[in-house]
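K.L.:
Required output: the full structure, derived from the provided sequences and hints.
Top line first, the protein sequences correspond to chains S and C.
The C-terminal position of the first sequence is numbered 161 in the working numbering, with every residue numbered one higher than the one before it.
The C-terminal position of the second sequence is numbered 1232 in the working numbering, with every residue numbered one higher than the one before it.
For the record, the hints were derived by calculation from the structure and aren't laboratory data.
Computed from a predicted structure; not experimentally measured.
There could be a bad hint or two in this list.
Some but not every residue of chain S turned toward chain C, in silico, with C-beta under 7 Å [as the list claims (entries may be wrong)]:
#: 1; residue: THR43
#: 2; residue: GLU56
#: 3; residue: GLY57
#: 4; residue: LEU74
#: 5; residue: TYR78
#: 6; residue: ALA82
#: 7; residue: THR84
#: 8; residue: PRO109
#: 9; residue: PHE111
#: 10; residue: GLU112
#: 11; residue: VAL114
#: 12; residue: LYS140
#: 13; residue: THR143
#: 14; residue: SER145
Positions of the beta carbon are idealized from the N, C-alpha and C atoms, including for glycine.
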Amino acid sequence: MQKIIGAIAIALLVCACSSIDCPIQNTVYTTYKIYNKADTVDTLRDTLTVYSKRVEGTDSVFINNDIKVTNFSLPISYMADADTLVFEFKNVNSIILKDTVTVSKTNTPHFESVDCSPSYFHNLTGVKYTKNKIDSIVIKNTTVSYDASKEHFHIYIKSDN
Amino acid sequence: MTHLKNISTYISKAIISILLLLLCTTVSAQYQYRKKTVVVEKDTIPFFRGIAISTDLVGPLMLSASDYGQYECALKVNLKDKYFPTVELGYGKANHNDGTNINYKTQAPYFRIGCDFNILKNKHAPNRMFVGLRYAYTSYKYDVSKADFKDPAWGWNVNYNISNVSCSYHWIEAVIGVDSKIVGPLHLGWTVRYKHRIACNEGDYGNSWYVPGFGISSNTRLGGTFNVIIDI
Chain S
1 MQKIIGAIAI ALLVCACSSI DCPIQNTVYT TYKIYNKADT VDTLRDTLTV
51 YSKRVEGTDS VFINNDIKVT NFSLPISYMA DADTLVFEFK NVNSIILKDT
101 VTVSKTNTPH FESVDCSPSY FHNLTGVKYT KNKIDSIVIK NTTVSYDASK
151 EHFHIYIKSD N
Chain C
1001 MTHLKNISTY ISKAIISILL LLLCTTVSAQ YQYRKKTVVV EKDTIPFFRG
1051 IAISTDLVGP LMLSASDYGQ YECALKVNLK DKYFPTVELG YGKANHNDGT
1101 NINYKTQAPY FRIGCDFNIL KNKHAPNRMF VGLRYAYTSY KYDVSKADFK
1151 DPAWGWNVNY NISNVSCSYH WIEAVIGVDS KIVGPLHLGW TVRYKHRIAC
1201 NEGDYGNSWY VPGFGISSNT RLGGTFNVII DI
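P.N.:
So this is what it looks like as structure tokens:
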């Protein structure tokens, strides 16, 4: 009897310690995968910088001089109906071409626990873009959540040739 | 020679007779002993032994000292001091507002239904130790809110409010506990409970946090009660 009571007391003490159950992957990003015209994965040959205008008028740089990558991730706003991003491509001859990409979406608040940061999940509804360097952008997965493994956009970039 | 043979035969017969007599006596004694044991173990306690009501003191204490807790009472039927069919009704509440400044509110009733089994050898002793099982269910709504904050990338104000999210939770509990007679109809007792979620609907916005009667939402949870029990 005493042994049982002792075991129960130890179990209660151990379980009295609280734990925080926030997911390890707790950022909500969109993922862009680079493809060529043959619809195979391509590598970024130009240097890419992506930025957007903050509410106070300054630039918020999300990617700075990225090159030789096959994919990249960009943040998505919590509550705006559409995010406007500037893609700046600089080739080996230092010629800069800019494209403006506008991603439309719906926003749903997401709750994990009181111990975790608040977040929003999104449903992508459309994408518009200029075509100076970008050939096309196709939405592949409309749901944007903590799942970083999903490819949300396939981006096709024009070659210099 | 013939005379000697006769004597030897008589002795052999006498020994065999004595052995047989002893064997019969032993068997008869064992049989009588068994008969006596059966008579002693016969249980004349009636099937229905009464009803007890109880209330938990841990839940209100949690409610006064932390962000969540519950009020709970139970009705227990005593069948032969061995089986105790039980119904537990409660009302769970949570109002959390600290840490990341996320405010979580919920309040809802819950119920459990199950049976305890007295595992002591002497079932009719004033003290009992029991194990039991429960099925539990609650249907609740929660609200989550947070003061406006800045979107880190764009700098816009973000409003974070989720209201009236409908949820339901089914779980089972394995119970172990004791119950001691203090004076007259008054008993005190405690239980330790292993809770295991079997099904849930936590709405369209992710997870709920506190579940009335279950505690913090997860697959499994340990809990306990300290009960004041009155025999009716």
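K.L.:
Against this structure, judge whether each hint is valid.
P.N.:
Tested hints:
Hint status for S/THR43 relative to chain C: violated, with the closest Cβ pair at about 26 Å, above 7 Å. Here the hint on S/GLU56 is kept, as its CB sits about 6 Å from the closest CB of chain C, short of 7 Å. Nearest Cβ of chain C to the Cβ of S/GLY57: about 10 Å, over the 7 Å cut. The hint is violated. With a least beta-carbon distance of about 9 Å to chain C, the hint placing S/LEU74 at the interface is violated under the 7 Å criterion.
Hint on S/TYR78 holds. Least Cβ distance to chain C is approximately 4 Å, under the 7 Å limit. Restraint check, S/ALA82 versus chain C: the minimum CB separation of about 11 Å is more than 7 Å; hint violated. Taken as an interface hint, S/THR84 does not check out: its beta carbon lies about 10 Å from the nearest beta carbon of chain C, beyond 7 Å. A least Cβ separation of about 5 Å between S/PRO109 and chain C falls short of the 7 Å threshold, and the interface hint therefore holds.
Interface restraint check for S/PHE111: the shortest CB-CB distance to chain C comes to about 4 Å, inside 7 Å, so the restraint holds. Taking 7 Å as the C-beta contact cut-off toward chain C, the hint placing S/GLU112 at the interface holds, the least distance being around 5 Å. At its closest, the beta carbon of S/VAL114 sits 5 Å from a beta carbon of chain C; the interface hint therefore holds under the 7 Å criterion. At a threshold of 7 Å, the smallest CB-CB gap from S/LYS140 to chain C is about 22 Å, leaving the interface hint violated.
Nearest Cβ of chain C to the Cβ of S/THR143: about 13 Å, over the 7 Å cut. The hint is violated. Annotation: interface hint on S/SER145 violated; nearest CB of chain C at approximately 10 Å, more than 7 Å.
Hint check: violations occur at hints 1, 3, 4, 6, 7, 12, 13 and 14; the rest are consistent with the structure.
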